[in-house]
Amino acid sequence: MKQACSILVVLVLSFSAISGAEPLPYAVDSTIPQSGGCPLPNRWNLSLSSPLNRRWSTALPTLLSPTILTVSQQNSPAQIAEIQQTISDSFAVWAGVAGTTFNSNSYPGLLAPITQVSAANSCTDDAENNVDGLNTICLNQSSIAFTSGVLAFTRTITANAPGATVGSSAPAGFAGQILDADTLFRNDGQATFATPGALVTPQGQGAYDLESLLIHELGHWLGLDHSAVIRAMMFPFAPPPGQFLGDRPIFTVPDGPLADDDRTGIRAQYPDPNDTLNVGALRGRILPANPFALAIFPAPSSAASVTGIVGAHVVAVDADTGSVIAGTLAGWRCDPANPPTRFDGSFDIERLPLGHNYNLYAEPLVGLALPADFSDALSDLCSTTAAPTCQTPAVNTNFNVRILPTSQ
Amino acid sequence: MQTRKPARFTAIAAVLAAAAASATAAAALLAALFAAALCQATTLERMSLAKMAQTAPLIVRARCLANSTAWDTSEIWTFTSFAIEESWKGAPPAAAAQLTVRLLGGSLGNLTSTVSGVPRFHPGEEVILFLEPTPRGDFSILSWVQGTFRIRRDPRTGEEVAIQDTAAFDTFNPATHRFVSAAVRNLSVEAFSAQVKSALAATPGEKK
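Residue numbers (the numbering used here), protein chains in the order written: chain Y, 1 to 408; chain C, 1 to 208.
Don't take every hint at face value.
To be verified - Pair by pair, the computed Cβ-Cβ distance ranges are:
no., chain 1, residue 1, chain 2, residue 2, range
1, Y, 379, C, 95, 51 to 59 Å
2, C, 65, Y, 109, 47 to 55 Å
3, Y, 304, C, 71, 27 to 35 Å
If you are wondering where the hints come from, they were derived from the structure by calculation, not from laboratory data. Quick reminder that beta carbons are idealized off the backbone N, C-alpha and C, glycines included.
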């Protein structure tokens with residue numbers, strides 16, 4: 001009976017520029033300016049004079065059983081060096097992606113050296129003013145935000161308006177500018193984390209891969225939200241204890257742990273104006289074959305209606321290799337000259353490498369990923385306070401698609 | 001000004017769905033391509049329903065009343081008030097009819113705090129929450145999205161079903177090429193309640 005209620009969809013593709021009215025590529029966190037308008041992607045405003053400051057707290061949990069497993073002896077300078085190397089390698093994974101302004105080879109100096117602090121509560125001290133504009137990784141930070149089962153989390157602070165500032169950060173240049181990012185790992189012994197070297201030891205089999213978790217969390221630092229591509233580092237699930245995701249980074253392939261979807265995501269977030277390879281784009285709309293099927297979705301705002309499939313996962317697959325190159329959460333667009341967000345089924349996949357053939361398909365969020373995994377990305381599309389207001393409609397998971405063979 | 005060149009393409013995914021399994025097949029294809037066995041949320045430890053039920057001191061069915069944001073302990077928090085409809089385990093202090101849940105993140109003034117994995121609620125929404133008290137006298141949700149179950153009502157039958165916010169915690173088994181779902185997905189609230197009661201009746205530590 002469920003089949004009879006499903007919606008048939010049509011993908012309408014366009015390759016011409018849609019000036020000023022594009023949906024955001026990829027599932028990124030976004031911010032609606034305090035003064036109203038369209039959602040803007042959360043991103044850093046990095047320059048040589050204002051590089052990304054990075055530090056970590058060398059305070060480690062002092063429990064009977066080690067919480068941070070390393071090859072080096074516990075509580076030794078070598079252990080600190082080993083952990084810092086893991087942190088450094090994790091940053092280098094993202095900084096190794098070609099075609100972005102975050103690339104450390106193309107744009108050296110945008111990442112400040114990693115520094116150390118000694119205080120355990122350097123990320124979010126419940127007794128101090130901690131939204132400080134200093135970006136910190138803490139392995140021994142207590143927070144009342146932790147509940148049972150929470151292993152680690154990243155909290156970012158973004159500006160809702162130009163001029164906003166926190167702590168030592170310079171005033172924001174635009175709404176959506178990230179001003180502060182902190183990552184906290186659980187420190188009460190309920191979970192253990194291992195460096196890559198320690199993960200292969202017998203003790204490491206019960207530990208989480210510190211590097212995999214860090215790379216994912218640093219993706220959040222950069223403004224990326226979760227991806228529904230299963231192999232992606234930003235997929236909302238980490239490898240189980242004793243395992244790691246993707247390949248380990250090596251000197252020649254520093255971004256080895258990432259999937260193409262991750263690479264395309266950061267390229268879209270921090271595009272390199274000098275990049276001439278990754279400049280392809282696929283845009284279009286996902287529409288129901290029967291538009292009356294959308295009548296059950298309440299209007300997101302006055303004088304507006306839902307006119308396309310909202311919340312479909314649209315994926316571009318390299319036709320020759322079968323690799324998933326990019327996926328995005330589709331269903332909306334916003335014209336800066338005529339906000340708020342309109343839910344018309346639009347999608348936008350940018351920063352695709354030229355010279356490739358792509359198969360494109362859409363799928364409802366009913367399988368490996370669900371709407372809840374993208375709740376932040378979806379709820380950020382509307383403001384209920386800044387005019388013109390709107391409310392993100394429910395994700396449409398009740399449709400079917402079929403991929404036509406390339407020969408047809 | 002950058003010149004944007006269109007990507008070449010061959011096939012257009014399209015139209016005309018005949019089989020309801022197509023999307024699932026596409027997801028399976030993806031999984032088969034990459035064959036990664038994944039089962040944990042990045043920030044969360046996977047917990048069985050039994051473990052969650054035994055760990056949470058308070059389990060309630062509740063209706064969201066309102067949200068507010070405020071600075072506390074130098075962080076932006078979202079405070080969500082709920083009207084308690086049923087208590088499945090424990091009782092709120094002083095048998096209160098309402099409780100407040102605090103979760104990190106939210107917008108206040110010219111700043112927004114974002115934390116992935118934190119559930120958000122809309123007024124009027126009905127949920128089942130596995131709760132832990134905080135040192136501030138309010139509550140937090142055990143394992144955030146994992147301890148959050150949304151109640152949906154089937155428009156045709158009227159049946160209430162519960163959907164765990166982490167229902168995507170499926171595990172792809174490369175050996176069997178099958179997905180295993182350990183999360184609650186479209187389970188009738190009545191059946192879910194029975195599972196929770198069963199978990200609570202079991203000896204702590206017993207594998208469910």
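Structure-based check of all given hints:
| no. | hint | verdict |
| --- | --- | --- |
| 1 | 379(Y) <-> 95(C): 51 to 59 Å | violated (33 Å) |
| 2 | 65(C) <-> 109(Y): 47 to 55 Å | holds (50 Å) |
| 3 | 304(Y) <-> 71(C): 27 to 35 Å | holds (34 Å) |
When held up to the earlier numbered hints, the structure conflicts with hint 1 and nothing else.
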